[in-house]
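S.K.: Residues per chain, in single letters:
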Amino acid sequence: MTASGHPDRAALFYEDPERVRWHDQAIWAVRQNRDRGAAAVPEWESLRQTAAEIKAHTLSRLPDYLEEFEDRAARLGVVVHWASDANDHNTIVHGLLRDHGVTRAVKSKSMLSEECGLNAFLEARGIEVIDTDLGERIVQLRNEPPSHIVMPAIHLRREEIGELFHREFGSEEGLSDPDALVEVARDQLRRQFLEAEAGLTGVNFAIAETGGLVVVTNEGNADLGTALPRLHIASMGLEKVIPRLGDLGVFLRLLARSATGQALSVYTSHFHGPAPGGELHVVLVDNGRSGLLAREPMRQALSCIRCGACLNTCPVYRRSGGHSYGTPVAGPIGAVLSPARDIEAHATLPKACTLCGSCADVCPVKIDLPRALTVLRADAVRAERGGTRTRWASWLGSQLLRRPGWTRLAARLGRRLLHGVPSAWLERDPRMRGRVLPEVAEKSFRELWRERRDEASQ
Amino acid sequence: MLRVGLFIPCYVDQLAPHVGLATAELLEHYGCEVDFPTAQACCGQPFSNMGCPEDARPLALRFAKAFPADRYDHVVAPSASCVAMVRHHYRGLARNERERALLDDVAGRTCELCEFLVDVLDVPTATGRYAKRVGLHRGCHGLRELRLGGASERMAPGFDKVERLLAGIDGVEFASLDRPDECCGFGGTFTVDEPVISAEMGRDRLADHARNGAEVIVSTDVSCSLHLDSLARASEPRVPIVHVAELINEARKASEEGG
Chain D
1 MTASGHPDRA ALFYEDPERV RWHDQAIWAV RQNRDRGAAA VPEWESLRQT
51 AAEIKAHTLS RLPDYLEEFE DRAARLGVVV HWASDANDHN TIVHGLLRDH
101 GVTRAVKSKS MLSEECGLNA FLEARGIEVI DTDLGERIVQ LRNEPPSHIV
151 MPAIHLRREE IGELFHREFG SEEGLSDPDA LVEVARDQLR RQFLEAEAGL
201 TGVNFAIAET GGLVVVTNEG NADLGTALPR LHIASMGLEK VIPRLGDLGV
251 FLRLLARSAT GQALSVYTSH FHGPAPGGEL HVVLVDNGRS GLLAREPMRQ
301 ALSCIRCGAC LNTCPVYRRS GGHSYGTPVA GPIGAVLSPA RDIEAHATLP
351 KACTLCGSCA DVCPVKIDLP RALTVLRADA VRAERGGTRT RWASWLGSQL
401 LRRPGWTRLA ARLGRRLLHG VPSAWLERDP RMRGRVLPEV AEKSFRELWR
451 ERRDEASQ
Chain V
1001 MLRVGLFIPC YVDQLAPHVG LATAELLEHY GCEVDFPTAQ ACCGQPFSNM
1051 GCPEDARPLA LRFAKAFPAD RYDHVVAPSA SCVAMVRHHY RGLARNERER
1101 ALLDDVAGRT CELCEFLVDV LDVPTATGRY AKRVGLHRGC HGLRELRLGG
1151 ASERMAPGFD KVERLLAGID GVEFASLDRP DECCGFGGTF TVDEPVISAE
1201 MGRDRLADHA RNGAEVIVST DVSCSLHLDS LARASEPRVP IVHVAELINE
1251 ARKASEEGG
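Sequences listed follow chains D and V, in order. Following our numbering, the numbering of the first sequence begins with 1 at its first residue and continues without gaps. Following our numbering, the numbering of the second sequence begins with 1001 at its first residue and continues without gaps.
It cannot be assumed that every hint is accurate.
As the list claims (entries may be wrong) - Just a few of them, taken from the derived set where beta-carbon distance is under 8 Å, the chain D residues facing chain V:
id : residue
1  : Y14
2  : D35
3  : W44
4  : K351
5  : A352
6  : T354
7  : T374
8  : S398
9  : L401
10 : R402
11 : P404
12 : A411
13 : R431
14 : L437
15 : V440
As the list claims (entries may be wrong) - For each label pair, taking beta carbons as the anchor points, the in silico distance ranges come out as:
id : chain 1 : residue 1 : chain 2 : residue 2 : range
16 : D       : W22       : V       : F1159     : 33 to 41 Å
17 : V       : R1100     : D       : R433      : 45 to 53 Å
18 : D       : Q458      : V       : R1095     : 43 to 51 Å
19 : V       : P1240     : D       : W22       : 24 to 32 Å
20 : V       : R1100     : D       : E128      : 54 to 62 Å
21 : D       : V440      : V       : D1073     : 30 to 38 Å
Source of the hints: derived by calculation from the structure; they are not laboratory data. Predicted model, so just to flag it, every value in this text is computed and none were measured. In this text, a Cβ means the ideal position worked out from N, Cα and C, and glycines have one as well.
Taking the hints into account, I'd like the entire structure generated from these sequences.
M.R.: Encoded structure:
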């Protein structure tokens, strides 16, 4: 079955209604953990405001801060590379690995590498990449993309992971105990860490003032993956830079609490220059970011710290699953990031949203996602191909509704039609099953109001 | 006496006229002079949310002209969502300073019914009798754009204006919901674009209310109510859904009749 848009891909997720139910509940539980974590910080709302302001300031002077970072990092012995797009990024990373004779690399979680399609690029050139984040490793073994930016395999049942490990690693059949599964993965990953010739990581924060990089994980896999190999390549989007070391605390306090409710991620790893005898390369990637930077309200989306809170709170994401978005980043933020770059390819994403606004209130850096999504809907209407159905429907509706006389006439007709239409008519569309048409009032408010006024004047 | 221009959104006019009448009676009960200018039309929200703001603009201008400042001190509507459109999204539709001034003026005078009672009329709480366990459906636009109450995501203090009004009614008990402010899944065009998820969200809301013993669901928005009701009527047991204006008005009348 080919799926062209969000509703079609969501329908695939709905083929297993039980999965929809627990997916919603499991992720809602994460949202509740986040609420408890946030509630424990009395100044939560002012912390969000501070974070939003630091990001807005940084984005307003992004070239300056990036150059400051490059300069400071270089002084620490870091080699800084600039990549204008995904292909550039992949070519740079591949070149470094090739020049160092690397055939096996380990990688900690990096949404940027998903965005750039790095794994496939390297594998096609004979370099094996092992994802070391447990969730990432699971989806890598299943040959599918992550469905969540923080919990990549959240769409899978424990039993499915047990089957996967049995098939891939020959672990005991029918394993579903989380601890036992982690033990299997740990045993497998230790070997990969020991054999790796290079460590690839993402970057959570790059500090302009110091030239340092900060990588946050819960599994310690960024440390393990970079501790043994002599070569460490860190890839980051342009927007990851923050001005000062002093700003870091603001974001660290928000990040883990927003993501999972933890006060702090288990590992916050700082890289200030290469390890003795090793090399540290940073690849700064644009890949459409400067285009977003040039346009409000999309610019705000570059403030994102990838905590996943907007996914967890989104009632649509929880019920449609990450794969329904068809983008490297799912959920509300993904429904902005991808369509903002290519609206035709992602036209249904801005509409996969009720504009409930929960994402904006949960966002630790206060990105106005509903506003961005509304603007993108207008982009989608302009980009509509094969006629302009939305455009005409909207024009007609507006013409009708701005003329009360016409509205009354149409409404009278509509009410009569609704009266004549049995709900069985709705049942013809399987997607509409389980709904009943509204009961139609005999008279409109306008008519009742006129009668009331006439009675009063008698 | 405050002169109130009653704004009855198009779908309330056609599908829930009793909500409009209850709103008018309630405002009159609290001492307002209520008028319904017939020149009013749709607020334009559907077009704005569809991505066609240029079709929303003429409706916004029409709205502003239907409720001139020299005739109406306030514009009050039994719909948080439409009021949020007027208050937060009209400004962006203006093409020049004159239009902006016109739209800003009407936005500054437009209120949702409950916030009008609490913030403008200073009504401490509604009165009367309504002996039922009530499930409060907090509509998203009322909650997160008008801030009628504190959204569960926000760690800011705040009270719920709707809940405060209802709390004073004799016999009202509140059902404690598992998810106090999750979206019902209507979302205007969303219910057409994504009917499967829309219905799933609605059924989840109904189940939450039923599970927690709500005998009636009360909402600030007829749009949410119609969506929920279209699902509720196809399922058992059916929890009835009323508008907050109907509930308050009914409670008031019940105590007046009962002496």
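S.K.: Give a verdict on every hint.
M.R.: Outcome of the hint check:
A distance limit of 8 Å between C-beta atoms decides the matter here; for D:Y14 the minimum to chain V is near 6 Å, and the interface restraint holds. Because the smallest distance between the Cβ of D:D35 and any Cβ of chain V comes to about 7 Å, under 8 Å, the interface hint for this residue holds. For D:W44, the shortest C-beta to C-beta distance to chain V is roughly 4 Å, which falls under 8 Å, so the interface hint holds. Given hint, D:K351 at the interface with chain V, holds; its Cβ is 5 Å from that chain's nearest Cβ, closer than 8 Å.
Because the closest C-beta pair between D:A352 and chain V is about 6 Å apart, less than 8 Å, the hint holds. A distance limit of 8 Å between C-beta atoms decides the matter here; for D:T354 the minimum to chain V is near 3 Å, and the interface restraint holds. Hint status for D:T374 relative to chain V: holds, with the closest Cβ pair at about 7 Å, below 8 Å. Look at D:S398: its Cβ gets to within about 4 Å of chain V, closer than 8 Å, so that hint holds up.
The closest approach between the C-beta of D:L401 and any C-beta of chain V is roughly 4 Å, which is under the 8 Å cut-off, so the hint is satisfied. Annotation: D:R402 was flagged as interfacial toward chain V, and the flag holds, the nearest CB pair being 5 Å apart, inside 8 Å. The interface hint given for D:P404 holds, since its Cβ lies 6 Å from the closest Cβ of chain V, which is under the 8 Å cut-off. With a least beta-carbon distance of about 5 Å to chain V, the hint placing D:A411 at the interface is held under the 8 Å criterion.
With a cut of 8 Å, the hint placing D:R431 at the interface with chain V holds, because the nearest CB-to-CB distance is about 4 Å. The interface hint given for D:L437 is met, as the beta carbon of that residue sits about 7 Å from the closest beta carbon of chain V, less than 8 Å. A cut of 8 Å between beta carbons decides the hint on D:V440: the least distance to chain V is about 7 Å, and the hint holds. Restraint check, D:W22 to V:F1159: a C-beta distance of roughly 34 Å satisfies the suggested window 33 to 41 Å.
The hint said 45 to 53 Å for the Cβ distance between V:R1100 and D:R433, and at roughly 46 Å that hint holds. Range check, D:Q458 to V:R1095: about 46 Å between beta-carbon atoms, so the 43 to 51 Å window is met. For the pair V:P1240 and D:W22, the supplied restraint of 24 to 32 Å holds, since their beta-carbon distance comes to about 30 Å. For V:R1100 and D:E128, the Cβ-Cβ distance of about 60 Å falls inside the hinted range of 54 to 62 Å, so the restraint holds.
For D:V440 paired with V:D1073, a C-beta distance near 34 Å keeps the hint of 30 to 38 Å intact.
When the structure is compared with the earlier hints, no violation turns up for any of them.
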